[in-house]
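Peer 1: Here the sequence shown is numbered in UniProt numbering, starting from 1 and rising by one per residue.
Incorrect hints may have been included.
To be verified - List of simulated lysine to aspartate or glutamate pairs, DMTMM-like, C-alpha gap at most 25 angstroms:
1) K51 with D72
2) K168 with D220
3) K61 with E36
4) K122 with E242
5) K384 with E149
6) K208 with E25
7) K429 with D136
8) K350 with D318
9) K122 with E163
10) K346 with D305
11) K336 with E163
12) K203 with D220
13) K384 with E372
14) K390 with E149
15) K350 with E408
16) K390 with E401
17) K42 with D194
18) K128 with E255
19) K122 with E372
20) K168 with E278
21) K384 with D335
22) K422 with E149
23) K61 with E43
24) K390 with D425
25) K61 with D87
26) K168 with D335
27) K422 with D342
28) K122 with E165
29) K429 with E125
30) K429 with D72
31) K122 with D136
32) K122 with D335
33) K135 with D342
34) K51 with E25
35) K384 with E394
36) K384 with D373
37) K203 with E36
Worth flagging that the hints you see were computed from the coordinates, not collected in a lab.
These figures come from a predicted structure and were not determined experimentally.
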Amino acid sequence: MIPRYSRPEMVAIWSPETRFRIWFEIEAHACFALAEIGVIPKESAQTIWEKGNAAKFDVAKIDEIEAVTKHDVIAFLTHLAEFIGPDSRFVHQGMTSSDVLDTCFNVQLARASDILLADLDKLLEALKRRAFEHKDTVTIGRSHGIHAEPTTFGVKMALAYAEFERCKSRLIAAREEIATCAISGAVGTFANIDPRVEEYVAKALGLKPEPVSTQVIPRDRHAMFFATLGVIASSIERLATEVRHLQRTEVLEAEEYFSPGQKGSSAMPHKRNPVLTENLTGLARMVRSFSIPAMENVALWHERDISHSSVERMIGPDATVTLDFALSRLTGVIDKLLVYPDNMMKNLNKFRGLVHSQRVLLALTQAGVSREDAYRLVQRNAMKVWEQGKDFLEELLADQEVRAALSEADLREKFDLGYHTKHVDTIFKRVFG
1 MIPRYSRPEM VAIWSPETRF RIWFEIEAHA CFALAEIGVI PKESAQTIWE KGNAAKFDVA
61 KIDEIEAVTK HDVIAFLTHL AEFIGPDSRF VHQGMTSSDV LDTCFNVQLA RASDILLADL
121 DKLLEALKRR AFEHKDTVTI GRSHGIHAEP TTFGVKMALA YAEFERCKSR LIAAREEIAT
181 CAISGAVGTF ANIDPRVEEY VAKALGLKPE PVSTQVIPRD RHAMFFATLG VIASSIERLA
241 TEVRHLQRTE VLEAEEYFSP GQKGSSAMPH KRNPVLTENL TGLARMVRSF SIPAMENVAL
301 WHERDISHSS VERMIGPDAT VTLDFALSRL TGVIDKLLVY PDNMMKNLNK FRGLVHSQRV
361 LLALTQAGVS REDAYRLVQR NAMKVWEQGK DFLEELLADQ EVRAALSEAD LREKFDLGYH
421 TKHVDTIFKR VFG
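Go ahead and model the full structure; you've got the sequences and the hints to work with.
Peer 2: Set out below in structure tokens:
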């Protein structure tokens, strides 16, 4: 996590101040629960809540204590006791450090998810607007990077919209799966704390009780969460790569907005590079990479080892902060994307009608020509376009074998662009309702 690729709201979730405040809330809610079931005095629970809420935790002081104790939760509890006084003896009753750490981590991931979901909503709004703006803007579809058949730029945007809607659905599910709480003691058996405490804390923090835990919450939940972030990152990269290809000089069908005063190269003043989408490609690689250690964290020893801890201290903030930045940047790219319909049509016509080859092939078969012969006839005329720059329709009209099956009117009708876009409205209805 570096400032260059960070936004303040997401960064704040991972600050030491936020973390210690959540730790306190977990401990305080546990005290309220213990008071309700008669384990500690209600007055003490209230005192802990009031004094802890009024306290301003000193991060540097906690770090100093941890330098001696070599234990972050003990360092925090020691510091907390300075504010609370004698009633601090009731804090952390029957709990283990992981009850605090894991529950806090899941609170942070749930809060991060809420920001990411809001990011996705903004991206979806931009994609929908651009999709309808260019619903009928005809462009060439490409497979293997080669001209295939016509589509519309709006369909490209609708495709991205549908993909990011799926991303949103996955993230909602991942958020629900990660939003669990464990206050179950040293090995998850509630030996020294009542299960009702866990239920109370979970409800207070907007979580669900973990059905069964060890000393920690099972890490398959976290693996799925970070894998979901990785899939979202992959979708970002797919759309960013599309923009990068469309901005290539030889294509130039769309282009990142180039702001006044922006420079593209220290050596070449003419350059307008797709730097934002290139940056997004790199950021996507990073977010995706965090899913691997998250999956490797699943296989902990017995009721817990600490190998997952260092990983999560890094990937928690890094993955969510980076993805938040990337989604915001992509939204800006789509919102301001320059689209060039004239270049799209120019590129579509570059190979003089080849994009209609399948229609001619099908027409020949429907006229009684075998598929093998029809393919041969269409391909031999198509190769003249590739190799000699001929006009595809003119070559077909001059081919006697083709003309034996299809009239001039039949052939000319097969070169109607509208044929390829006749179901765009149906696609949009499926995507947008």
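Peer 1: Hint by hint, say whether it matches the structure.
Peer 2: Quick rundown of the hints versus the structure:
For the hint linking K51 to D72, the alpha-carbon distance of about 21 angstroms falls within 25 angstroms, and the restraint holds. Simply put, K168 and D220 have alpha-carbon atoms about 20 angstroms apart, close enough for the 25 angstroms limit, and the pair holds. The straight-line distance between the Cα atoms of K61 and E36 is roughly 33 angstroms, outside the 25 angstroms bound, and the hint therefore fails. Pair hint K122 plus E242 holds up; C-alpha atoms about 20 angstroms apart against a cutoff of 25 angstroms.
Of the supplied pair hints, the one linking K384 and E149 holds, its CA atoms being roughly 19 angstroms apart against a limit of 25 angstroms. Restraint check: the Cα-Cα separation between K208 and E25 comes to about 16 angstroms, which is no more than 25 angstroms; the hinted pair holds. A C-alpha spacing of about 14 angstroms is found between K429 and D136, which places the hinted pair at or below 25 angstroms, so the restraint holds. Taking the CA atoms of K350 and D318, the gap is about 45 angstroms. The hint is violated against a cut of 25 angstroms.
Distance restraint check for K122 and E163: the Cα-Cα separation of roughly 14 angstroms lies within the 25 angstroms cut-off, and the hinted pair is therefore satisfied. Taken as a hint, the K346 and D305 pair is broken in the structure, with Cα atoms around 62 angstroms apart against an allowance of 25 angstroms. About 20 angstroms separates the Cα atoms of K336 and E163, which keeps this hinted pair within 25 angstroms; it holds. With a C-alpha separation of about 22 angstroms, the suggested pairing of K203 with D220 holds against the 25 angstroms cut-off.
Between K384 and E372, the direct Cα distance comes to roughly 19 angstroms. Compliance with the 25 angstroms bound is thereby established for this hinted pair. Distance restraint check for K390 and E149: the Cα-Cα separation of roughly 19 angstroms lies within the 25 angstroms cut-off, and the hinted pair is therefore satisfied. Among the hinted pairs, K350 with E408 is consistent with the structure: their alpha-carbon atoms are about 22 angstroms apart, no more than 25 angstroms. Proposed proximity of K390 and E401 is supported: the alpha carbons are some 18 angstroms apart, at most 25 angstroms.
Distance hint between K42 and D194 is fulfilled; the C-alpha atoms sit about 16 angstroms from each other, no more than 25 angstroms. In summary, the hint linking K128 to E255 is supported, as the alpha carbons are separated by about 18 angstroms, within the 25 angstroms threshold. About 50 angstroms separates the Cα atoms of K122 and E372, which puts this hinted pair outside 25 angstroms; it is violated. About 23 angstroms separates the Cα atoms of K168 and E278, which keeps this hinted pair within 25 angstroms; it holds.
Restraint check: the Cα-Cα separation between K384 and D335 comes to about 42 angstroms, which exceeds 25 angstroms; the hinted pair is violated. Note on K422 and E149: the hinted pairing holds, with a Cα-Cα distance of about 13 angstroms set against a maximum of 25 angstroms. Annotation: proposed proximity of K61 to E43 is violated, straight-line Cα distance about 28 angstroms (limit 25 angstroms). The hinted pair formed by K390 and D425 fails the criterion: a straight-line CA distance of about 34 angstroms is larger than 25 angstroms.
With a CA separation close to 21 angstroms, the supplied pair K61 and D87 stays within the 25 angstroms bound. Straight-line distance between C-alpha atoms of K168 and D335 comes to about 19 angstroms, which keeps the hinted pair within the 25 angstroms bound. Annotation: proposed proximity of K422 to D342 holds, straight-line Cα distance about 21 angstroms (limit 25 angstroms). For the proposed pair K122 and E165, the alpha carbon gap of about 11 angstroms is at most 25 angstroms, so the pair holds.
Under the criterion of a C-alpha separation no larger than 25 angstroms, the hint pairing K429 with E125 is consistent with the structure, at around 16 angstroms. The hinted pair formed by K429 and D72 fails the criterion: a straight-line CA distance of about 54 angstroms is larger than 25 angstroms. Restraint check for K122 and D136: the C-alpha separation of about 23 angstroms stays at or below 25 angstroms, so the hint holds. Our distance criterion of 25 angstroms between C-alpha atoms is met by K122 and D335, whose separation comes to about 10 angstroms.
Simply put, K135 and D342 have alpha-carbon atoms about 15 angstroms apart, close enough for the 25 angstroms limit, and the pair holds. For the given pair, K51 sits about 12 angstroms from E25 by alpha-carbon distance, which is consistent with the 25 angstroms threshold. About 11 angstroms separates the Cα atoms of K384 and E394, which keeps this hinted pair within 25 angstroms; it holds. Our distance criterion of 25 angstroms between C-alpha atoms is met by K384 and D373, whose separation comes to about 17 angstroms.
Using a Cα cut-off of 25 angstroms, the hinted pair K203 and E36 holds, with the two alpha carbons roughly 14 angstroms apart.
In summary, the structure is inconsistent with hints 3, 8, 10, 19, 21, 23, 24 and 30 from the numbered list given earlier, while agreeing with the others.
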